[in-house]
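Q: Now for the letters of each chain:
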Amino acid sequence: MHIPDGFLAPTLTIPAYAVAAPLWVWGTRKHFGPSQMDALPAVGALTAVAFVLQTIMIPLPGGTSTHLVGACLLALLRGPLVAFVAESLVLLLQALFFGAGGITVLGVNALAMGLIGPLAAWLAFQALRRRAPAIGAFFGAYLGLQLSTLSVALILGLQHHLDAAQFPTPFPVALAAMMLPSLAITGVIEALYTVFALRVLARGRNTG
Amino acid sequence: MRFRGRAARVVLLTWLVACFVCSALANIALLAGLIVLVAMLLPRQAARAARRALLTAVPLSVAILLLTWVHARLVLHVRPDLHAYAALALRTALIAFSSFAVLGAVDLMGALAPWPTLSRLLVVTLAQIHSLRLLARESWLGLRSRLPRKPSAIDGLRNAGGVTATMLTLSARNARDVSDALRSRGF
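Residue numbers (my numbering), protein chains in the order written: chain A, 1 to 208; chain B, 1 to 187.
No lab work stands behind these hints: they were computed from the structure.
Hints may be right or wrong, so weigh each one.
As the list claims (entries may be wrong) - Computed from the model, here is a short list of chain B residues facing chain A with C-beta under 7 Å:
#: 1; residue: 24
#: 2; residue: 56
#: 3; residue: 125
#: 4; residue: 161
Said to hold, decoys possible - The following label-pair restraints were derived from C-beta to C-beta distances:
#: 5; chain 1: A; residue 1: 22; chain 2: B; residue 2: 138; range: 39 to 47 Å
#: 6; chain 1: A; residue 1: 25; chain 2: B; residue 2: 110; range: 36 to 44 Å
#: 7; chain 1: A; residue 1: 123; chain 2: B; residue 2: 5; range: 22 to 30 Å
#: 8; chain 1: A; residue 1: 19; chain 2: B; residue 2: 41; range: 29 to 37 Å
#: 9; chain 1: A; residue 1: 123; chain 2: B; residue 2: 48; range: 43 to 51 Å
#: 10; chain 1: B; residue 1: 145; chain 2: A; residue 2: 202; range: 26 to 34 Å
#: 11; chain 1: A; residue 1: 127; chain 2: B; residue 2: 27; range: 48 to 56 Å
#: 12; chain 1: A; residue 1: 10; chain 2: B; residue 2: 114; range: 52 to 60 Å
#: 13; chain 1: A; residue 1: 123; chain 2: B; residue 2: 24; range: 34 to 42 Å
#: 14; chain 1: A; residue 1: 135; chain 2: B; residue 2: 16; range: 22 to 30 Å
#: 15; chain 1: B; residue 1: 137; chain 2: A; residue 2: 202; range: 20 to 28 Å
#: 16; chain 1: A; residue 1: 180; chain 2: B; residue 2: 6; range: 45 to 53 Å
Backbone N, C-alpha and C fix where the C-beta goes; we use that ideal spot for every residue, glycine too.
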């Protein structure tokens, strides 16, 4: 789902950084304590968990596989701003050391995958948690992933609209290529995983 | 050549600005020339960086190129202009290649020395990632050994749910230990 370096021009990537940077500062200050020293282990742990989640491959029929994102689970557990900070760090590490995503598109990817999706998941879960928490978690994670994917497709479509020479793929093609697998496979897998993980965590809390 | 200290910071800043500038280029000859230039400037890192870029960043842009070409031919019945796709692929390759080459040539931890909080966060996170990846892998191998058949997607999901709970508990404790150890050593 990440947009790689080179797909978007600075006309989009720099404003995205301008939007994301204050949110990074606010999220870090608000949720990771007044002392940065005390906050570091928590940030590092959550980032590492989110990073490793994205390396867990789920086998699919036909010999292929997909991977989890985990940002929605973090949002349901710790809130959307924590998920945003942790996912942004994951994206930075992936861009620097693993060649996934990129440094110029970090702001765009962080807003799409770390903020819009997890925030939607958290809001949906908050709305449904009292009546049916499992359904709320499933629906929230599914909705969150779809909104993240849609945001990425929309920003690619906007880039095509602004300058087709920069990103020549038309919006309908990008939308279909991204949304169809997300709606049919990845969203369901992410939603089921979120429900399983919340259930295991709740069982762990209840037993001890 | 390995850049350290202040030189590393200058190289990293130059690389960052260059990435943004390169992300706006569409001239194929210029992009190809810049790839050659980076390879000439950082010859010791060039082969490894090229291999990593070819394995990570380039396949995605090539897949998008093929997908859009097929769509243009079969659905729109037009011949797509390959120049823009070639520029996109080269731009992606150039930024990935230069990123790997530059990061291979600088002492990143040394460059981050003036920002000890950032250094510690990087060390804590990377240390956690290594141990948690081992945990996830061992858990997956354990699941495979317990089942008489190949694990299905549902088995994988259930296992991932359990692993996540363990990781969240373990990582919080381990990260605190690593952070305390770093602080006691003067970071």
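Q: None of the hints should be skipped; say for each whether it holds.
A: Hints versus structure:
For residue 24 of chain B, the suggested interface contact is upheld, since its CB lies about 5 Å from the closest CB of chain A, less than 7 Å. Against a cut-off of 7 Å between C-beta atoms, the interface hint on residue 56 of chain B holds, since the closest Cβ of chain A lies about 3 Å away. Interface hint at residue 125 of chain B: satisfied, since its Cβ lies 4 Å from the closest Cβ of chain A, which is below the 7 Å cut-off. Evaluation of the residue 161 of chain B hint against chain A yields a held restraint, the C-beta minimum of about 3 Å falling below 7 Å.
Take residue 22 of chain A and residue 138 of chain B: their Cβ atoms lie about 40 Å apart, and the range 39 to 47 Å holds. Remark: the range hint 36 to 44 Å for residue 25 of chain A to residue 110 of chain B is contradicted by a beta-carbon distance near 26 Å. Roughly 46 Å separates the CB atoms of residue 123 of chain A and residue 5 of chain B, a value that falls outside the hinted 22 to 30 Å. A hinted range of 29 to 37 Å for the beta carbons of residue 19 of chain A and residue 41 of chain B is consistent with their spacing of about 34 Å.
Range check, residue 123 of chain A to residue 48 of chain B: Cβ separation about 45 Å, and the 43 to 51 Å hint holds. One distance hint, 26 to 34 Å for the beta-carbon pair residue 145 of chain B and residue 202 of chain A, holds here, with the actual separation near 28 Å. Checking the proposed 48 to 56 Å range against residue 127 of chain A and residue 27 of chain B shows it holds: the Cβ atoms sit about 51 Å from each other. At roughly 27 Å, the beta-carbon separation of residue 10 of chain A and residue 114 of chain B lies outside the given 52 to 60 Å, and the hint is violated.
Roughly 36 Å separates the CB atoms of residue 123 of chain A and residue 24 of chain B, a value that falls within the hinted 34 to 42 Å. The supplied range of 22 to 30 Å is broken by residue 135 of chain A and residue 16 of chain B, whose beta-carbon atoms lie about 45 Å from each other. At roughly 26 Å, the beta carbons of residue 137 of chain B and residue 202 of chain A sit within the given window of 20 to 28 Å. The hint said 45 to 53 Å for the Cβ distance between residue 180 of chain A and residue 6 of chain B, and at roughly 50 Å that hint holds.
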